[in-house]
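Enquirer: So you can see what is in the structure, the chains are spelled out below.
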Amino acid sequence: MKITLFIPCFIDACFPKAGAGAVEILERLGHTIEYPRELTCCGQPAFNSGYWEESRTTALQVMQRLKDAEVVVIVSGSCGAMIKNFYPELFAGTEHEEAARSLSAKVWEFSDFLVTKLGVTDLGAQFPHRVTFHDGCHGLRELGIKQQPRKLLAHVRGLELVEMGEAESCCGFGGTFSAKFPMISTAMGENKYGSALETGAEYIVSNDSSCLMHIQGLLDRQGKPLRTIHLAEVLNHRQA
Amino acid sequence: MTPNAAQFKKNAITLTKDLRHRALIRTALKKYEVVRDDKVARFQNWQSARQTAAEIKWDAVNHLDTHLTEFAKNLESRGTHVHWASNAEQAREIILGIVKQHNAHSIIKSKVMTGEEIHLNAALEKAGFDVVESDLGEYIVQLRHEAPYHFVFPAMHLTRGEISDLFTKELGTAPTDSPEELTMIARRVLRDKYITADIGISGANFGIAETGMVSITENEGNARLTCALPKVHITLMGIEKVLPKLEDLALFLPMLATAGAGQVLTGYNTMYGGPRQPGECDGPEEFHVVLLDNKRTALLADPEQRDALHCIRCGTCLNVCPIYKNIGGHSYGATYQGPIGSVITPHLRGLQQWKHLSFASSLCGACTQTCPVKINLHHHLLQSRRNAIAQKPVWWEKPLFQGLALLFSHAGLFSLGMKLGRIGQVFHPLIKNTPLDPARAWTRSRELPKVAPQTFREWWQTRK
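Chains A and B, in that order, give the protein sequences.
If you number the first sequence the way the numbering used here does, the last residue is 249 and the count never jumps.
If you number the second sequence the way the numbering used here does, the last residue is 501 and the count never jumps.
Keep in mind the hints are simulated off the structure, nothing from the lab.
It is possible that some hints are incorrect.
Computed list of lysine to aspartate or glutamate pairs in EDC-like fashion (alpha-carbon distance at most 20 Å, straight line) [claimed, not checked]:
id	chain 1	residue 1	chain 2	residue 2
1	A	K155	B	D74
2	A	K115	A	E79
3	A	K189	B	D96
4	B	K68	A	E36
5	A	K26	B	E495
6	A	K189	B	E484
7	B	K67	A	E172
8	A	K126	A	E43
9	B	K429	A	E62
10	B	K435	A	E177
11	B	K501	A	E33
12	B	K411	B	E183
13	B	K47	B	E183
14	B	K332	B	E130
15	B	K411	B	D474
16	A	K189	B	E434
17	B	K68	A	E211
18	A	K115	A	E62
19	B	K501	A	E177
20	A	K233	B	E484
21	B	K163	B	D235
22	B	K67	A	E207
23	B	K501	B	E484
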């Protein structure tokens, strides 16, 4: 299958290993990867800040570039939800509504794509660590992804998944919310990593780098012995 | 920044720093979640119950005119006086008029959030009347001269010790750590008030159009005493509280109890159909129902967010909200706290004055997921942001997002941006978390992510 990979801006800049992990995993499964270098951002920051007009400028470019793609895979539940759920809303009542809907139908979040579309759960990965999983809100509640990453993690050799009490609680990132209301965002993040620490895990794994960026930022500042890692990196991890 | 927004931020800073408060609320709401989940599981199918409830409410709200007229007609047929109040001022005048007409001295109230909304107590007290709240939580916050902290659990922010201290100070009772004893203290004071009160004021959980009845659900029996003992009873209710049929309560009463407090059914469920009828030996001699609009019809006129009128005030969206759990109920500065408050307050009190509440959300969607009547709460916050910005963009944000749109449309520029970021981050520690730091909102409490030595697109390039 020819898979078009959408690499969100912050993954491109700060978390390239998540994107690279997805590329290598999908290629090992025999698929061809297309990476549209023209694309950068999905337009969510402007959308969530109320600037829908500016968001449409960015989104339109994404839609035009991806209109001929067979399937589009995104290594972020949040950007995935933006394209899949919110583009149709963003373009409702405009001439692009139909295009937004047809793109929506072929967009997949990475873990959902592997498990639901490809029917793959064992990627031959090895990651001998105790981990806990953070459900990013957009992946969980907008896209309904809960079991897919867990099914994938269940087949990783050496990996022990310990669920935290607050797995489904928001980490407090929320895009521009984290800068507009940093005190609330930080308190939410503290509750989140506090719950993760209780599990004794070495890593917080998630299918959303944006949440992990926030949590890692807090962990680094507060010197906590816990690391964050994207699901695609874990799944791409082979024997050293 | 509006004064409301500035106050909200100030409150949020204070409350998020208060670790004792955060722990107290989290513990209380953890217990709530356990009992709620237990009761949700007793529904044959909670999800289809939610769907049915949403459909009934959809009908109720989308045909509000018909249902309200039927409700009023049926109430009047048994001698109830029905009043229509367009706004808070009118509602206060109607109620003050009734109270003055009866030369009343003392007034007893059961829980009525619409009363908070129209600042009824202040108006009654200003006019010289003695007003006492009979709901235990409301009574406690009244003694503290505070607004309810939560529209279902008004005093959930207080410990037993704090309540005991309050009673000692205000009522002169001996300190106690026993919840039963604290309840008995309040009960002893309140029993006298019921007997001497001239007027009872209540809210309404539902109004039944078909039968012209006011449904009140409560756990303490205080609403029954408030509604039954004084000679005159006034119910103040929002117009959106009307349900078409009596049988609708078969779903809504257990649903409200489950979502609101994790109960199968609330302790006392009563329906009030009118004043004392000929041949009856008890009940008020006069019954007034004041129907409050106060901008609800403006919300009704918004097809996108109209479903916010479905709300049955169970408070479950507050209970699951990570924002509420960290800043508490008083920080909002609004009558209705939490997600539903953040959705409806801009409609009820002005979008520009209250838009900050729609921005003070990570849009996590826990509220929408739990709402028993399926209000699309977090999407409404998003829509309110869009509406607020369309009316009045922030002067520096507009060009910022225009600039970002330009940057994101040109991958070359974006690549250059990442390269510059890589250089910038070498020098960033010099200004990190100082007033010069453009990322200070982030770096006050968090480390910034670093631009990777090799970005994804650079990595991709090397593979080809």
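Enquirer: May I ask which of the numbered hints given earlier this structure violates, with the numbers listed in increasing order?
Expert: 3, 4, 10, 12, 15, 17, 18, 19 and 23
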